[in-house]
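A.B. asks: Letter by letter, the chains look like this.
2 protein chains.
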Amino acid sequence: MRGIAYLLVAVVVLSGVVYITHASGHSDKEAAPIFGIKIPAGYRDWKLISVAHEEGNLNDLRALLGNDIAIKAYREGKLPFPDGTIIARLAWSYVPSEENDKVFGHAQSFVAGAPTNVQFMVKDSKKYAATGGWGFAQFKDGKPAGAPLLKTCFPCHEPVKARDFVFTRYAP
Amino acid sequence: MRGIAYLLVAVVVLSGVVYITHASGHSDKEAAPIFGIKIPAGYRDWKLISVAHEEGNLNDLRALLGNDIAIKAYREGKLPFPDGTIIARLAWSYVPSEENDKVFGHAQSFVAGAPTNVQFMVKDSKKYAATGGWGFAQFKDGKPAGAPLLKTCFPCHEPVKARDFVFTRYAP
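As they're listed, the protein sequences go chains A and B.
Start counting the first sequence at 4; every next residue gets the next number (this note's numbering).
Start counting the second sequence at 4; every next residue gets the next number (this note's numbering).
The shape of chain A in the complex, shown without the other chains (with noise of 0.2 Å):
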């Protein structure tokens, strides 16, 4: 009796570790698909680049960090941007705050809620020269999305040409 209890306390913990290895493999390790790209460690890490807003159905509060290859280029105006840039496009749901609200005596504030997904542009000239240089990737709760959509990022970007495909200006 006293060996199957051991060995039921044994199975209970392995299945935690092989739980626990695999959550955290999913929010580090696992690559989004055509461009092979990670979650970049330490990325929430990085310095600002703007802050943006977007209705619809993104409905969201949203940031942009760089690397600091990417910052050192905004603010030196370099572009093309160098290899080894990335930019991470942090969102979160766009929440009225009635806490803001009542101070301010009216309805006039929106914060960051729940996170929605994260994204991001890596540079490498050679590697993703069919995109302009750009891999693209997002990540949902660590989650890689699909090729379909990461297939729509690059002509998205098409028109921003003249600014090396990116979007965002940085905010001084």
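Keep in mind the hints are simulated off the structure, nothing from the lab.
Quick caveat: nothing in here was measured; it's all calculated off a predicted structure.
Errors might be hidden in some of the hints.
Note: identical chains are not told apart, hence a pair may lie in one copy or across any two.
In silico lysine to any residue, SDA-like type, Cα no more than 20 Å apart, as pairs [unchecked claim]:
| no. | residue 1 | residue 2 |
| --- | --- | --- |
| 1 | 154 | 108 |
| 2 | 129 | 164 |
| 3 | 164 | 132 |
| 4 | 105 | 172 |
| 5 | 105 | 159 |
| 6 | 50 | 118 |
Got chain A; can you put chain B on it based on the hints?
C.D. replies: For chain B alone, coordinates are given in the frame of chain A:
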């Protein structure tokens, strides 16, 4: 005549120098009244806390950045914020983006325009004991806002005493 011409050139050049010195003095060195806060060096490089949009008279997009002490406290859910915490609120005018709307196929995109002003909350539980341990400052083009405006800061933040007088929550 030649002497007068040189003198005129000298006066014009010197006026320029005086103007530039004055302007840069404004942007880095002038302290806000009451709390004596200067613009913290390198705040534009700080990590992102969250983003927001205010309608009405403010009509802006804003980003909250924190120094390392602030970010650590936010991520650990530590309250009250420790002394040395500085929270920066940047804001830009709320501008519809025709360029983005064209790509989306309809009006939905709002981006950061010209900067409006930047505000800081600085935690020093002894120095600012009378205002919940927080000092407040606001700068526009490097020039600090006056005492009458700064006197309105703390009363406005009092409703969120339970979160150490800080409205903004960390956006994961």
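A.B. asks: Are the hints correct? Go through all of them and say.
C.D. replies: Now for the hints, and whether the structure bears them out:
1. In the homo-oligomer, the alpha carbons of residue 154 and residue 108 lie at most 20 Å apart only across protomers (18 Å), although the nearest pairing inside one protomer, at 46 Å, exceeds that limit.
2. Taking the shortest alpha-carbon separations for residue 129 and residue 164, only the intra-copy value of 17 Å comes in at or below 20 Å, while the best inter-copy value is 54 Å.
3. Taking the closest pair of Cα atoms, residue 164 and residue 132 come within 20 Å of each other only inside a single copy of the chain (14 Å); across copies the shortest separation is 54 Å, beyond that limit.
4. In this homomeric assembly, residue 105 and residue 172 come within 20 Å of each other (Cα to Cα) only across copies, at 17 Å, whereas the closest approach inside a single copy is 33 Å.
5. In this homomeric assembly, residue 105 and residue 159 come within 20 Å of each other (Cα to Cα) only across copies, at 10 Å, whereas the closest approach inside a single copy is 40 Å.
6. Taking identical chains as interchangeable, the C-alpha atoms of residue 50 and residue 118 lie at most 20 Å apart whether they share a chain (18 Å) or sit on different chains (17 Å).
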